[in-house]
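There are 2 protein chains.
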Amino acid sequence: MSAKAKGEFDRLREIFARLGPRAGELGDDCALVPLGGTTLALSIDCSVEGVHFRTDWLTFEEIGWRSAASAISDLAAEGATPVGVLASLGMPGGTDHGAELMDGVGAAAQSVGAKVLGGDLVRSEQYLVDVCVLGTAERPVRRAGARPGDGVWVTGRLGGAALALAAYESRTRPGGALRRRYSHPEPRITAGRWLAAHGATAMIDISDGLAADAGHLAAASGVGLEIALERLPCWEDVAPLAAAASGEEFELLVTLPATFNAKADFELTRIGECVRGGGVRLLEGNTPVALPAGYDHFAPS
Amino acid sequence: MSAKAKGEFDRLREIFARLGPRAGELGDDCALVPLGGTTLALSIDCSVEGVHFRTDWLTFEEIGWRSAASAISDLAAEGATPVGVLASLGMPGGTDHGAELMDGVGAAAQSVGAKVLGGDLVRSEQYLVDVCVLGTAERPVRRAGARPGDGVWVTGRLGGAALALAAYESRTRPGGALRRRYSHPEPRITAGRWLAAHGATAMIDISDGLAADAGHLAAASGVGLEIALERLPCWEDVAPLAAAASGEEFELLVTLPATFNAKADFELTRIGECVRGGGVRLLEGNTPVALPAGYDHFAPS
Numbered sequence: 041m042s043a044k045a046k047g048e049f050d051r052l053r054e055i056f057a058r059l060g061p062r063a064g065e066l067g068d069d070c071a072l073v074p075l076g077g078t079t080l081a082l083s084i085d086c087s088v089e090g091v092h093f094r095t096d097w098l099t100f101e102e103i104g105w106r107s108a109a110s111a112i113s114d115l116a117a118e119g120a121t122p123v124g125v126l127a128s129l130g131m132p133g134g135t136d137h138g139a140e141l142m143d144g145v146g147a148a149a150q151s152v153g154a155k156v157l158g159g160d161l162v163r164s165e166q167y168l169v170d171v172c173v174l175g176t177a178e179r180p181v182r183r184a185g186a187r188p189g190d191g192v193w194v195t196g197r198l199g200g201a202a203l204a205l206a207a208y209e210s211r212t213r214p215g216g217a218l219r220r221r222y223s224h225p226e227p228r229i230t231a232g233r234w235l236a237a238h239g240a241t242a243m244i245d246i247s248d249g250l251a252a253d254a255g256h257l258a259a260a261s262g263v264g265l266e267i268a269l270e271r272l273p274c275w276e277d278v279a280p281l282a283a284a285a286s287g288e289e290f291e292l293l294v295t296l297p298a299t300f301n302a303k304a305d306f307e308l309t310r311i312g313e314c315v316r317g318g319g320v321r322l323l324e325g326n327t328p329v330a331l332p333a334g335y336d337h338f339a340p341s
Numbered sequence: 041m042s043a044k045a046k047g048e049f050d051r052l053r054e055i056f057a058r059l060g061p062r063a064g065e066l067g068d069d070c071a072l073v074p075l076g077g078t079t080l081a082l083s084i085d086c087s088v089e090g091v092h093f094r095t096d097w098l099t100f101e102e103i104g105w106r107s108a109a110s111a112i113s114d115l116a117a118e119g120a121t122p123v124g125v126l127a128s129l130g131m132p133g134g135t136d137h138g139a140e141l142m143d144g145v146g147a148a149a150q151s152v153g154a155k156v157l158g159g160d161l162v163r164s165e166q167y168l169v170d171v172c173v174l175g176t177a178e179r180p181v182r183r184a185g186a187r188p189g190d191g192v193w194v195t196g197r198l199g200g201a202a203l204a205l206a207a208y209e210s211r212t213r214p215g216g217a218l219r220r221r222y223s224h225p226e227p228r229i230t231a232g233r234w235l236a237a238h239g240a241t242a243m244i245d246i247s248d249g250l251a252a253d254a255g256h257l258a259a260a261s262g263v264g265l266e267i268a269l270e271r272l273p274c275w276e277d278v279a280p281l282a283a284a285a286s287g288e289e290f291e292l293l294v295t296l297p298a299t300f301n302a303k304a305d306f307e308l309t310r311i312g313e314c315v316r317g318g319g320v321r322l323l324e325g326n327t328p329v330a331l332p333a334g335y336d337h338f339a340p341s
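These protein sequences, in sequence, are chains A and B.
Count along the first sequence from 1, add 40, and you get the number used in our numbering.
Count along the second sequence from 1, add 40, and you get the number used in our numbering.
By construction, these hints were calculated from the structure, which means they are not laboratory data.
Stretches of chain B that chain A covers, calculated by requiring three or more beta carbons in the stretch to come under 8 Å of a beta carbon on chain A:
{"#": "1", "stretch": "79–91"}
{"#": "2", "stretch": "119–128"}
{"#": "3", "stretch": "138–151"}
{"#": "4", "stretch": "156–167"}
{"#": "5", "stretch": "172–186"}
Backbone N, C-alpha and C fix where the C-beta goes; we use that ideal spot for every residue, glycine too.
Isolated chain A, as found in the complex (with noise of 0.2 Å):
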């Protein structure tokens, strides 16, 4: 459930409790269906223009790689080994992007080795990139997992998302790595399987930000965090608060055991530990530091 709107959560979750025995088990980046030995993840996440995406920052194809991107990214999240996309692409009339959409949307899934099962085709106003992930997890990784005394670990580095957006809210395009972090995110698929297979007790893909992800994965696991902000992995210029708070930044957060130490070949940080209890607490040295909002998007269009 990557990129989701502020109150959205809570607000589909209150959809699905009303459902009651017609839903799924929600409250995972992914429903996941035992089927014929192995366990299917499945995920949906919609891109509208104006709300997620802005057809003046990005290219077409970089929209669609970021859409689809944003529901691989919950695969990722469960350890998942992708198997296919499919997506529904929602155009203007009189406009025709939707080779360049589907393109993106394609190189995405190519890239984690995933294929375009199908797609839909609609007359919409505004462009919409709606994307239904697939794929199968020979050990989900759950958000609801972690224990008390386990490592809490980062992948990559935080805050890129949030400096990108910046850029372009004022109007400076970000460029270089930047700007390839905004457009070309890359889910971390292959970091997800290894700490899948790694025993990874509990990891979520940070769609929200650091702090708000953790207080996700502290809520479902009825635990305690405990992060140490120097710990964090910052992107250059990027304060280890703000980059706390960046949002949409694909990268996994993950809780391990006391005793892990193997040795990854991708980003991997220590950042602090499960606790009793349960919260988030963002610590600078010692002392508690206030959360980060959440990230919200930029604000309604």
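Position chain B against the provided structure of chain A, taking the given hints into account.
Relative to chain A, chain B alone:
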């Protein structure tokens, strides 16, 4: 691929051709993915306000049901067994009919033994319901297996959808069975599975109208279809030619071996046969009749 606007499927096919090896095989009602000893069937179908539905014609629960049924109908056409659906709901800011829309999606899913596995909520200028369906198919029935000599059969009665649409368009709200036919269409899952188990050689759901979908089946199979208009099972007060043009019928058009003589416990009518050659010939007695144009939804909003 139910309820596509005219020309849209050709455009989608072009886009998929451009993806090359990044895309799975397109051209059937569902994507078919062999996995773990079974075959997964997947499809995605996006319904948009003003294109596929109107909020002054249907309740939000009905819109949710119809949108989900449209996607589920693609599973019926493969002879697949539904497992679950994922639904993205788009709603204008300041409105909230998410629970009603999802109730309708959930009820349609439940009616065929499936669950709502996941969802997304987004803010959008129009209401939209995008539904991705997942099923399994022991013996998937494609569009491409019809052979000369096979009989051509259709489930149910045709023309109710066009009649209901005409009533709404003339501001005469349909009632009773006709309203229910339009507001709560029933995907032919049981029929599709039965037909698959009884040797169906090719199958398609009637979304563009019998004549147009017969053309799709004929093209995919490389055969001609001769259909006797006087044999068409028609909705009360609908003439055969109008029934043959009526789209979004949620019935199945199926080819079966000439020797087929099993007794179905649902309405199943032999309406013609497959011949060498190509294309579709609608016959009144021995006289060919011009093909009605495919269903084109209502005019652009």
